[in-house]
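Using the sequences plus the hints, can you model the full thing?
Taken in sequence, the protein lines are chains A and B. Oh and the first sequence: position 99 is 116 in the numbering used here, straight run, nothing missing. Oh and the second sequence: position 75 is 92 in the numbering used here, straight run, nothing missing.
Not one of these hints is a red herring.
A pair counts as met if it fits within one copy or between any two copies, since identical chains are not told apart.
Listed next, the in silico DSBU-like pairs over lysine-lysine satisfying Cα-Cα at most 35 Å (straight line):
no. : residue 1 : residue 2
1   : Lys30     : Lys61
2   : Lys298    : Lys378
3   : Lys348    : Lys383
4   : Lys30     : Lys253
5   : Lys347    : Lys61
6   : Lys319    : Lys363
7   : Lys61     : Lys378
8   : Lys115    : Lys20
9   : Lys61     : Lys350
10  : Lys383    : Lys61
11  : Lys115    : Lys140
12  : Lys363    : Lys30
13  : Lys61     : Lys301
14  : Lys253    : Lys20
15  : Lys191    : Lys297
16  : Lys301    : Lys314
17  : Lys140    : Lys198
18  : Lys163    : Lys140
19  : Lys298    : Lys187
20  : Lys142    : Lys253
21  : Lys347    : Lys314
Please keep in mind that the hints were generated in silico from the structure rather than gathered at the bench.
Number of protein chains: 2
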Amino acid sequence: MAKGQVAQVSVSKDWIDFGIGQPQLDNLPLEQLEAGANHRFERKDRSILAYGIEKGNGQFRIALADFLGLQYGNAVDPDQLFITGGVSQALDMICALKTRPGDTVIVEEPSYFLALRIFADYKLKVIGTPIDANGIIIDELEKRLKKHKPAFVYTIPVFHNPAGVTQSPKRRNKLTHLSEKYDFLIVADEVYQLLNYNSVPPPPMAYCDDSRRVLSLGSFSKILAPGLKLGWMQAKPNQLSPFTSCGYLESGGGLNPFVSGIVSSVIELGLQESYLKRLKKIYKDRMTTLSDALRQKIPALKFRDPSGGYFIWANLPDGADNELLLAEAKKHKVSYQPGIKFSSSKGLRDHLRLCFAYYRKQDLVKGVQRLARAIEMERP
Amino acid sequence: MAKGQVAQVSVSKDWIDFGIGQPQLDNLPLEQLEAGANHRFERKDRSILAYGIEKGNGQFRIALADFLGLQYGNAVDPDQLFITGGVSQALDMICALKTRPGDTVIVEEPSYFLALRIFADYKLKVIGTPIDANGIIIDELEKRLKKHKPAFVYTIPVFHNPAGVTQSPKRRNKLTHLSEKYDFLIVADEVYQLLNYNSVPPPPMAYCDDSRRVLSLGSFSKILAPGLKLGWMQAKPNQLSPFTSCGYLESGGGLNPFVSGIVSSVIELGLQESYLKRLKKIYKDRMTTLSDALRQKIPALKFRDPSGGYFIWANLPDGADNELLLAEAKKHKVSYQPGIKFSSSKGLRDHLRLCFAYYRKQDLVKGVQRLARAIEMERP
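In structure tokens, the structure reads:
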């Protein structure tokens, strides 16, 4: 790590690393945050500097509910919002307060690889359940529920990371119905909910029938900036209370009241909405560029076109070896996330995850050309 | 909770609640944060909005090390700093990564009551060990170490909350020596370290001999603003690595890079130093006012004069009943924290904690007058 390094990733300039699942530095909304900060400071309201109320800055929860309500096309009750430090922080807190070492959690196969790392830190037993183009396969899940008693099912129901798929409304309702029947929590990671490029996906799982056991997790990391460490949990008030009354928050106060104050202003000034519009336009273009380039240059690679989020999840040509390919790709200064990382059972070796959010279009094309050459070299 | 409430506490205007252990709203440094934000935004450095490096914003760690080094009179190595979301967040993380349900932790009797709540959330077994005017009584601690195998000893070695005492250098070294002999971590909550009003206390416990097992926890909550959710852990790099490599941070990135950027500028502009000077002057005045008023109006109340921090820890007159007194006090619109809250064994019923940081001098005097009348009514 270089002394003074600020950001988590630092990529060599001449590399194309499709593995990076982050927004591009040049696009981060510094001007919007500056305008929000100025607006907030002008109010001379010192309460954003005090210990915050446990549920989260109340003015911010009202502004956030207004913004989300418009986006979802469904009203959001500020009393059903708890302000978090982002989805990772929320997952960490859920593990801390809702599990004990040795408990079982069920995850999708594939699932977000770093969530798996959090579950490992809490010594949870992870069981995978398969998904298809419409999300979790309900019968397969129920088979597992008959054998295991999970503390929760962790699902990414919208623009899945890595698979790109969105769970259908019908399956969502079946899932929440199962949560009643088998008494488990549904932890819905909906961090890509608002990054839809073609059509509006179903609203968060908190809006399903039988949603009493649903915790819907949202974040500003993908729609504004990850460095803010700001997100939310939407759930019934009785589900929120174990979080808002825990020792950590009683001692330290609610999460990020100062940043919440600034982001309240970003929302009130309409800057969140306009920035999100701009992001969606950029990402839609990049998504199309990447999928077109892949189809043209590496026709052997199979994938579904995503319609939101950050990722394309592709199948390697028959017989290609992911491990050898990754080594070969790196010789061509291109990289990606290999499928095995997203598997709770060391499978998915024939898959790779490509992120289209981080790079400009010309770099995406350049990366695909390099990957094509690497695959050509590795073809059996 | 009122809709839109931002701050954690909301006190009726005509009450004096000595129980509030928080900075006063009117004194919170909004202008300093505004100047820091402007300075940071002018640099056009978007990296403060990206996922932060796990150890914490590197520019900030350098600025913080410079500031702390001057304050401690001891050099601080930025590589021995890990940026946290404050002491409560650090305690939460230590419990998550360093304990399992049923593990033992040893705390001082009395100890910070909300740390006890965090330990309860992690289902830890809490053993109290007595302190005196010089902090932990080492022989008493060793007796307990012979019977129990704690994951850590939680100590507040400087301007203790609630007891006000500071652990002597000799005892600090004995404590770290025991940590080697019995193999436990020392979690040193040093949140009041820089709020010294008469003389400079010993440097953080990370500077002791045999400090390989010491985690020194600091925070901006008491020297700048709690709403920032920003603090640090100082320890040997091998002690920091379980934290900086955990799943939560690998997924979410380092803590609060955006706020860290702004506070870097607050430090660089000299505003942290000047604000701390101002705070120390204000608090010293208030401390003297409260102790003088107590001595004058309630001579039966016994206490040691603190020389830093936020609190006076007082003994009730013989025979007074804390529970009855608190009820009586509330009739007089005055309150405090009863001793039992700070006890891991439901003792300390004859003590009360009075905070002198939150109220202006005239209110402190008014509060003491009310408390005197309440004690007068309750005198047996």
